[in-house]
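First to last, the sequence lines map onto chains W and S. Per our numbering, the very first residue in the first sequence carries number 97; after that it's consecutive. Per our numbering, the very first residue in the second sequence carries number 57; after that it's consecutive.
In short, the hints are calculated from the structure, not lab data. Hints may contain errors.
What the hints assert, rightly or not - For lysine-lysine, the following DSS-like pairs were computed, each having C-alpha atoms within a straight-line distance of at most 25 angstroms:
1. S:Lys550 <-> S:Lys218
2. W:Lys101 <-> S:Lys218
3. S:Lys486 <-> W:Lys98
4. S:Lys218 <-> S:Lys349
5. S:Lys485 <-> W:Lys181
6. W:Lys159 <-> S:Lys486
7. S:Lys218 <-> W:Lys98
8. S:Lys156 <-> S:Lys302
9. W:Lys98 <-> S:Lys485
10. W:Lys101 <-> S:Lys342
11. S:Lys550 <-> S:Lys342
12. W:Lys159 <-> S:Lys218
13. S:Lys486 <-> S:Lys349
14. S:Lys342 <-> S:Lys549
15. S:Lys486 <-> W:Lys181
Unchecked claim - Quick look at which bits of chain W chain S covers, simulated, 3 or more residues with Cβ under 8 angstroms:
16. 102-115
17. 135-141
18. 144-150
19. 187-195
20. 212-219
21. 245-257
To be verified - Here chain S is said to cover these stretches of chain W; the calculated rule only asks that three of the stretch's residues, wherever they fall, bring their Cβ under 8 angstroms from a Cβ of chain S:
22. 198-206
23. 224-232
These figures come from a predicted structure and were not determined experimentally. Glycine residues also receive a C-beta, built at the ideal position from the N, C-alpha and C atoms.
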Amino acid sequence: MKEDKVIGIILVVFSGLMYYKTLEFPPAMFGTLGAGFFPQILFTLLAVAGAVLTISGFMRERKRSDRGRPEKGKPRETQFWTTIKESLHYHSHVIISFFCFFCYIVLMSYFGYTIATLIFMPILMWILGPRNRRAIPITIIVSLGMTFVIYFGFVEFLKVFLPEGSLF
Amino acid sequence: MIDLILLGIREIFQPYPLIFLFLGTIAGIVVGCIPGFTITMGAALTLPLTFGMTSIQGLSAMLGVLVGGLAGGQISGILLGIPGTPSSVATVFDGHPMAKRGEPGTALCLGIWASFFGGLISAFVLMFFTPPLADIALKFGPWEFFSLVAFGLTIIASLSGKSLLKGIIAGLLGMIATLFGTDPMTGVLRFDFGLHGLSGGFSFLPILIGLFAFSQLMSSLEKTERTGAALIEGANLGFSSLKTIKTIFRQPFNLVRSSMIGVFIGALPGAGGSISNILAYDQALKGSKHPEKFGTGIPDGIIASEAGNNGTGGGELIPTMALGIPGSAVSAIMMGALILHGIQPGPLLIVEFPDLVYGVFVAFFLAHFFMLGIQLYGIRLFVRLTRVPLYVLVPSILVFCSVGSFSIHNRFFDIWVLFIFGLLGYLMKKYEFPLAPTILGVILGPIAESNFRRALMTSEDLTLFITRPISLFFLILCVLSLLYPFYQRYREKKRSSGQAGA
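Kindly produce the complete structure, drawing on both the sequences and the hints.
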């Protein structure tokens with residue numbers, strides 16, 4: 097896989113940088129193994145594994161036939177953008193969900209659990225859902241229900257804290 | 057012995073202990089089946105409620121939470137592909153494929169009955185073999201723990217699927233994730249990069265849920281149109297307990313072995329009881345005549361995982377009751393409950409309070425019957441989760457996971473950890489990196505590091521790893537486990553050349 101080469105290189109670079117960081121740890125005292133001992137072993141192993149992954153990626157690509165060549169008459173650049181468009185369409189809900197969840201966490205840090213959840217849930221449900229009349233009451237009921245059941249269950253009944261925002 | 061058991065029965069078979077045991081089991085199942093909540097959390101939340109109870113009533117409630125929680129994790133694991141607790145990780149490997157194949161009811165039924173029988177076996181061991189097993193547990197030093205963990209890490213080979221290299225990388229990433237934060241031996245801050253959140257390291261639970269929940273949910277969202285599709289389409293919600301029991305009893309060795317693995321791992325304090333289900337699964341795979349079928353939704357995998365998982369419950373109670381050494385965080389909380397009621401846990405507990413100790417054993421035994429009844433009755437409700445549309449399920453689970461991740465340490469940073477590992481888990485799944493070795497690495501990495509360093513602090517003689525018999529035993533198992541894939545390949549070659557000859 098082409099991606100294996102890239103992932104392998106990323107792992108090698110990451111391991112190298114982290115190994116370098118371990119050299120800053122204070123040395124061992126009283127004959128014990130220092131804080132850097134185990135990390136150095138793990139990052140060395142990861143670097144080796146990453147290198148092997150990269151090399152095996154190169155070797156596999158060399159063995160493969162010419163599948164990646166552009167079709168007759170179609171420039172390579174057009175194929176690339178078509179693939180990107182198809183991939184974005186295929187993963188659109190995934191990308192949106194991750195983005196919404198990211199925004200949810202940021203909102204929660206400012207407004208706390210209740211307000212952030214009341215905003216996040218209906219928006220994501222609407223984006224992912226069928227967007228018809230039937231979905232509206234389901235979206236409202238589930239969003240309100242989940243938010244307040246969790247709130248009362250945790251805060252009032254179990255006395256467990258929920259995230260609080262810096263503003264609310 | 058029979059007198060003591062009758063003493064225990066007399067303690068438990070009264071209205072209040074039975075009611076609290078029943079309620080505790082329900083609470084445990086609820087806590088276990090929600091991804092983001094752990095049995096430890098459930099037990100911790102139960103502790104203040106026991107203030108007004110007698111010691112046996114309080115312990116009954118907590119035992120119910122323990123047994124219910126161990127069995128409850130399979131519900132979300134099988135139906136959603138997200139383990140409810142770390143003890144149900146391996147159940148997902150075969151439970152979820154079976155559910156996706158349209159048999160969620162059968163998968164759940166198998167898991168519930170396997171949990172029941174596995175738990176009963178561990179209850180039997182608990183009642184009759186607690187003192188000798190506790191003595192063996194005491195013989196474990198850091199060399200033995202390290203060798204056991206090294207053996208546990210070799211399971212990565214079995215869990216790697218198509219690519220051993222990617223499995224090793226996944227396992228290493230899991231171990232590396234535990235390096236962040238304070239070094240447990242020297243107190244040095246590692247890889248904090250000046251960030252306050254990183255100084256506390258990454259908590260295990262947000263990593264687990266992030267890796268499994270996000271990867272599973274996001275994979276379901278690929279390619280779907282906005283039609284209100286469910287997670288599993290066209291599921292057959294039926295199941296038969298009789299057929300399930302026959303299936304389980306056709307594999308008595310798998311059942312007993314898995315349960316005993318759970319008992320053994322549970323009995324070792326600090327061995328990481330969460331790995332017993334993975335270890336049991338691995339041994340079932342290695343001992344099977346059809347190892348290639350594991351991971352496709354076969355009963356053997358579910359039986360091994362759940363029997364191993366519930367076997368841990370009994371194992372954890374062995375050092376707790378016999379020695380006053382908690383076998384896990386849950387049993388540590390139970391010891392807290394004892395101290396609150398003025399009872400000092402320790403080696404003399406079984407002598408001074410035999411009615412209490414054997415009451416605990418009987419309650420543990422009985423809790424499995426409650427668990428069985430509640431879960432079998434609830435199956436028809438649980439399997440309806442598979443019909444909930446994705447656009448309702450995904451946001452709801454994400455909210456639960458966030459709340460669960462936050463509640464462990466009341467750290468907002470843990471929600472970010474959930475997000476980061478969710479992204480990582482999804483990318484790992486996309487690029488065909490297995491997730492189970494990562495979890496194994498997260499659980500076993502810290503245990504391996506601390507025990508290895510502790511062993512060398514005690515004595516710099518490395519030969520002790522080989523000269524101590526129990527440590528040598530596990531190192532031999534380690535070597536055999538590493539050689540197993542080659543043996544398997546040899547066996548397949550022999551089979552295919554034999555078929556070609558015929």
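Numbers of the earlier hints that this structure fails to satisfy, in rising order: Of the numbered hints given earlier, the structure breaks just one, which is hint 10.
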